[in-house]
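Take any residue in the first sequence, count from 1 to its spot, add 8: that is its number in my numbering.
The set of hints was computed from the structure by calculation and includes no laboratory data.
Take these hints with a grain of salt, some might be off.
[What the hints assert, rightly or not] Dumping the calculated DSSO-like pairs for lysine-lysine here, alpha-carbon to alpha-carbon at most 27 angstroms:
1. K270 <-> K227
2. K65 <-> K13
3. K71 <-> K47
4. K270 <-> K50
5. K376 <-> K13
6. K381 <-> K13
7. K50 <-> K81
8. K50 <-> K40
9. K71 <-> K50
10. K195 <-> K134
11. K220 <-> K90
12. K382 <-> K29
13. K270 <-> K220
14. K220 <-> K47
15. K382 <-> K372
16. K421 <-> K195
17. K195 <-> K29
18. K13 <-> K144
19. K382 <-> K50
20. K146 <-> K165
21. K195 <-> K298
22. K165 <-> K270
23. K298 <-> K372
24. K134 <-> K144
25. K40 <-> K372
26. K65 <-> K81
27. K40 <-> K220
28. K376 <-> K298
29. K165 <-> K180
30. K40 <-> K71
31. K180 <-> K421
[What the hints assert, rightly or not] Simulated DEER-style distance windows between Cβ atoms:
32. K71 <-> G335: 56 to 62 angstroms
33. Y226 <-> E311: 32 to 38 angstroms
34. G276 <-> T111: 23 to 29 angstroms
35. A272 <-> A86: 50 to 56 angstroms
In this text, a Cβ means the ideal position worked out from N, Cα and C, and glycines have one as well.
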Amino acid sequence: MIDLKLLQKDFEGLSTSLMRKGVSETLLNDLKEKNETLKIAKAAFEELQAIRNAMSKEFGVYKREGKDINELKARIEANNVKVDAALEVQREAQIDLETLAMTVPNMPDDSVPDGADENENIEMKKVLTPKAFDFKPKEHWELAEENGWIDFERGAKLSGSRFSVSYDMGAKLERALINFMLDFNAKRGYHEVSVPHMVNRTALEGTGQLPKFENDLYKIEGQDMFMIPTGEVPLTNLFQGEIIPYEQLPIKMTGYTSCYRKEAGAAGRDTRGMIRQHQFHKVELVCITKSETSDTIFNEMIECASDILTALELPHRLMQLCTGDLGFGAAKTVDIEVWLPGQDQYREISSISNTRDFQARRAKIRYKDKETKKNTFVNTLNGSSLAVGRTLVAIMENNQNADGSIDIPEVLKPYLNMGA
RNA sequence: GGAUCUUUGGCAGAGUUGGUCGAAUGCACCGGUCUUGAAAACCGGCGAGGGUUACACCUCCCAGAGUUCGAAUCUCUGAGGGUCCA
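I would like the entire structure built from these sequences, with the hints used as guidance.
Next up, the structure:
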């Protein structure tokens, strides 16, 4: 949620910033107006309420002193009619404003470049050089099926398209990658956390998936529960509604979860293979911190994810997302894209975002600031480190040999009982 | 699934014959006295959100609805937690 106080204090700055993210001027004016309406409605209600409180107090005194109550009672009742009406007005104004405000995305950082879509993202750097093949590298689904690692047909039989089944080394590699990534992150100071894969509505509102993106989520029938689209949701919401002791910050967490996405808007894209599945494994990083240190931590997270790829000897590049490609809650995002020789292109394998206090404001995650002594919203950051399925894809495509066999990265061998 | 108990400020924990309760007390925290310094001791402050130049004032004792002139306190529903039963 954006800071509604900015509507009064710095409407200019707020709208300039949000318009970069494609929010219309009409909507912003509407928002401002609704905020005004609420303010007025609130003042009216509070005044009447103050009268009621005073008269009720008086009522108690009258009773104790045995005075006649009838006249006062009539006055109170008359006032109460007004109170009820004013409350109703205030309520409507409140809901009006909130409904709208919850759909407004976060403001991008000033440093984020303008741009319409992913084509205008900016490459920050490349790590490792793609190796040259003396044969035409295959795409991962071909390799996966040849090696008997992944079975897309039976996945479809069980659950439909965009599901797959892994066997033998395919399955083992998934497991090895998860463990390797968790251990790697832990060495960088992230505490391992294991969380539920189903969460309630409040959690999803906290991180910004709801109310706007309900169509992308799998909902549990008959309950107000959803399958998580990313581990970011439970990890961040662990602290929902809490005031975190100052000394505990920053909180650095890593966790493995499956992720469940309808991929509603992705019809026709990546229909083959395991690039875009309804269910996929991911190891996530989430940090909760003060605003002063959130940039530092942001960079550490990027480095961590990038270093995992380096350890796996996978060429990749860092992309700074432009305003048009920035997600709903993000103030700033860096994507890591891994080289896929079979596809002859870089593909996203990690996305690291700083949401500043956008999620914190929604989820009410605060800490008491040492200097100002005020309860202050934390900054929350999240990032994949890494998407497991896509890492497996990258290993297959980068490590393939002419005969279709695939070399196992050295760092994974201990996890596969293969010795180093 | 049934029964029963429970849900209070950062934490712990009072507060059920409805009003003077936004709420005792302890811990934690902040400021001070003392001390070479620290600890202890003592004194003072200390829930949150909105509002105001500052006050006033409003809201919040899990959530929602109700009873009442008035609810943390009574009733109902829901959610979370405990215990017993199935």
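Verification of the supplied hints:
{"no.": "1", "hint": "K270 <-> K227", "verdict": "holds, 10 angstroms"}
{"no.": "2", "hint": "K65 <-> K13", "verdict": "violated, 34 angstroms"}
{"no.": "3", "hint": "K71 <-> K47", "verdict": "violated, 36 angstroms"}
{"no.": "4", "hint": "K270 <-> K50", "verdict": "violated, 41 angstroms"}
{"no.": "5", "hint": "K376 <-> K13", "verdict": "holds, 20 angstroms"}
{"no.": "6", "hint": "K381 <-> K13", "verdict": "holds, 20 angstroms"}
{"no.": "7", "hint": "K50 <-> K81", "verdict": "holds, 25 angstroms"}
{"no.": "8", "hint": "K50 <-> K40", "verdict": "holds, 15 angstroms"}
{"no.": "9", "hint": "K71 <-> K50", "verdict": "violated, 31 angstroms"}
{"no.": "10", "hint": "K195 <-> K134", "verdict": "holds, 24 angstroms"}
{"no.": "11", "hint": "K220 <-> K90", "verdict": "violated, 36 angstroms"}
{"no.": "12", "hint": "K382 <-> K29", "verdict": "violated, 31 angstroms"}
{"no.": "13", "hint": "K270 <-> K220", "verdict": "holds, 14 angstroms"}
{"no.": "14", "hint": "K220 <-> K47", "verdict": "holds, 25 angstroms"}
{"no.": "15", "hint": "K382 <-> K372", "verdict": "holds, 14 angstroms"}
{"no.": "16", "hint": "K421 <-> K195", "verdict": "holds, 18 angstroms"}
{"no.": "17", "hint": "K195 <-> K29", "verdict": "violated, 36 angstroms"}
{"no.": "18", "hint": "K13 <-> K144", "verdict": "violated, 58 angstroms"}
{"no.": "19", "hint": "K382 <-> K50", "verdict": "holds, 25 angstroms"}
{"no.": "20", "hint": "K146 <-> K165", "verdict": "holds, 25 angstroms"}
{"no.": "21", "hint": "K195 <-> K298", "verdict": "holds, 22 angstroms"}
{"no.": "22", "hint": "K165 <-> K270", "verdict": "holds, 17 angstroms"}
{"no.": "23", "hint": "K298 <-> K372", "verdict": "holds, 14 angstroms"}
{"no.": "24", "hint": "K134 <-> K144", "verdict": "holds, 23 angstroms"}
{"no.": "25", "hint": "K40 <-> K372", "verdict": "holds, 22 angstroms"}
{"no.": "26", "hint": "K65 <-> K81", "verdict": "holds, 12 angstroms"}
{"no.": "27", "hint": "K40 <-> K220", "verdict": "holds, 20 angstroms"}
{"no.": "28", "hint": "K376 <-> K298", "verdict": "holds, 10 angstroms"}
{"no.": "29", "hint": "K165 <-> K180", "verdict": "holds, 22 angstroms"}
{"no.": "30", "hint": "K40 <-> K71", "verdict": "violated, 47 angstroms"}
{"no.": "31", "hint": "K180 <-> K421", "verdict": "holds, 11 angstroms"}
{"no.": "32", "hint": "K71 <-> G335: 56 to 62 angstroms", "verdict": "holds, 60 angstroms"}
{"no.": "33", "hint": "Y226 <-> E311: 32 to 38 angstroms", "verdict": "holds, 33 angstroms"}
{"no.": "34", "hint": "G276 <-> T111: 23 to 29 angstroms", "verdict": "holds, 27 angstroms"}
{"no.": "35", "hint": "A272 <-> A86: 50 to 56 angstroms", "verdict": "holds, 54 angstroms"}
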